[in-house]
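Visitor: Once you've looked at the hints, dock chains P, L, R, C and G against the given chain Z.
Chains as they are written, first to last, in the UniProt record's numbering: chain Z, 1 to 114; chain P, 1 to 114; chain L, 1 to 114; chain R, 1 to 114; chain C, 1 to 114; chain G, 1 to 114.
Derived from the structure by calculation, the hints contain no laboratory data. Zero decoy hints are in this set.
Given that identical chains are not distinguished, each listed pair holds provided it fits within a single copy or across any two copies.
No more than 16 Å apart at the CA atoms, straight line, and that leaves these computed lysine to aspartate or glutamate pairs for EDC-like:
1. K14 with E106
2. K46 with E81
3. K46 with E74
4. K3 with E106
5. K28 with D80
6. K3 with D63
7. K14 with E110
6 protein chains.
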Amino acid sequence: MGKLIEDFETYRTKMNDRIMESSNTNIKRFFALDTTTYAEGALDVKTKEMLGLVASMVLRCDDCIKYHLGKCHEAGVKHDEMNEVFMIANLVGGSIVIPHYRRAVEYWAELNEA
Amino acid sequence: MGKLIEDFETYRTKMNDRIMESSNTNIKRFFALDTTTYAEGALDVKTKEMLGLVASMVLRCDDCIKYHLGKCHEAGVKHDEMNEVFMIANLVGGSIVIPHYRRAVEYWAELNEA
Amino acid sequence: MGKLIEDFETYRTKMNDRIMESSNTNIKRFFALDTTTYAEGALDVKTKEMLGLVASMVLRCDDCIKYHLGKCHEAGVKHDEMNEVFMIANLVGGSIVIPHYRRAVEYWAELNEA
Amino acid sequence: MGKLIEDFETYRTKMNDRIMESSNTNIKRFFALDTTTYAEGALDVKTKEMLGLVASMVLRCDDCIKYHLGKCHEAGVKHDEMNEVFMIANLVGGSIVIPHYRRAVEYWAELNEA
Amino acid sequence: MGKLIEDFETYRTKMNDRIMESSNTNIKRFFALDTTTYAEGALDVKTKEMLGLVASMVLRCDDCIKYHLGKCHEAGVKHDEMNEVFMIANLVGGSIVIPHYRRAVEYWAELNEA
Amino acid sequence: MGKLIEDFETYRTKMNDRIMESSNTNIKRFFALDTTTYAEGALDVKTKEMLGLVASMVLRCDDCIKYHLGKCHEAGVKHDEMNEVFMIANLVGGSIVIPHYRRAVEYWAELNEA
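Extracted from the complex, chain Z is given alone in its bound form:
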């Protein structure tokens, strides 16, 4: 596993565990909803993860982008498809997205090296 992926996954797991211990019922429900929302339904997981990714990119959250890139990779999104998701994010969100896009390209490469 590449270093960017490992750092992201380790911190995310550590803090999610701590949140499950220390948070309240509503927060736990919100996290549960965050999981079920991306489950196979009328839309398949691959489409949903691309939707989660483009939303994360235009809102410019690096960790959210990493998470959905990982899920897109698992769901089999191909390089050409990913470039089209990236383009929609850059177009809709504007050039302000570019630094996040750079980091996304780096992380996506690491996912595909593994």
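Guide: Showing chains P, L, R, C and G alone in chain Z's frame:
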């Protein structure tokens, strides 16, 4: 054609025409890019329009939402699929998206009545 | 009831009813969570509604602002307290919040006339 | 005076007057700061108003855009210059800015007809 | 003092000192306003700091979140109360807030260890 | 060259090179548009770079801020002028901009030491 759709389309066409007359070359290139980005490619038009919609919803732009709802309708997005796009938008963007979601539901209904 | 309040409440109720009919389970759960989050808990309803209001103001969602203004009014927020919430919203969110603040002042006045 | 300009100015003046009566000292200081910030200084008023406009466009606040368009007009911003400000706003902020850009073009035309 | 707190406070103090030396009068007034806004008034400091925190969370600014977490800790916000502020921020701002919430939980724990 | 500048430039160049190899035609067009937009036109480069900077500050993108600070420095923006750009960004964007402003002040100082 329903009233919401007609109002949106009329104003959009009028102003786009005026922009094509009065804007500069870079703006025209930007508008051209906005069109080619959603063309069939590695991803089909339906997927791309759902991506454009979810990006518009989390950024909370009512006119952008209307535009992509219209395109999603043309591309054959079904009711159950649309609900899953709406859910991802509400989840990622938060309850602040809800008023835009309400207006999206109204516009989507008008598109489906036609 | 003032006209601004009536227009807001009527549309909100109509669309929430339609959403309850047409949406999926996750959306219904999200709406349920939106209700329980503001219930009396470790913090009282008045504090929670001011928190919801300031969040809505810095994110600049007029309908969300109206909703929480209504709830703040019910919870007994006083004029001087409201001005301090308004100031925090203007300060944190910047002058871009001012047009939303103007509409909030108008709506708050209507709530207090009733 | 065109209708868009009159509607904007009338409401803005009415609410600013009410705010001066009903707000607290910090809000009044914030409004004062909002005025002095755009005064002639190391940068001239024209440059500052273009800065205020581009900031308002990427943050997508229609009323803020109208306000700074009015001030840019007073400061003598020319059509070709305005198109370049519009382009920077569309590029940095992305296609999500386009509906606000459409309304800006309409308002700018009204300012130049007067 | 924990490492996260120390790093944040050291950099903040260093840069605020430099800003006081190098900035202009309006910037100094803006910083002064940033201080007086959170002073005891019609609302107590604890409520105001929770308002500042929730605004910072939905706007997703890690440093602003750290600052207001520190102030909330000083003002005596309890664990159960903080969880309710966190929930409102996650709900209103959406799942895009979660990575900032994770870092907030870590910082809040460090504040409470001291 | 200072360390902040070197780190920023090195990573930016590395990733832009990789993007030119791996991206699609639309993304390359978008990057080309990002360059031509800031070229001398009806407005001079200095004004355009200040516009790019203020847009980047209110949208709170540190890398975009660094990029435009570098370009403003090349274009000869003076200290007093920069403070007025900073003030407009803080005012319009609000106190949520302050942490980005602190980092901007640090980077601007490094640019001026060189």
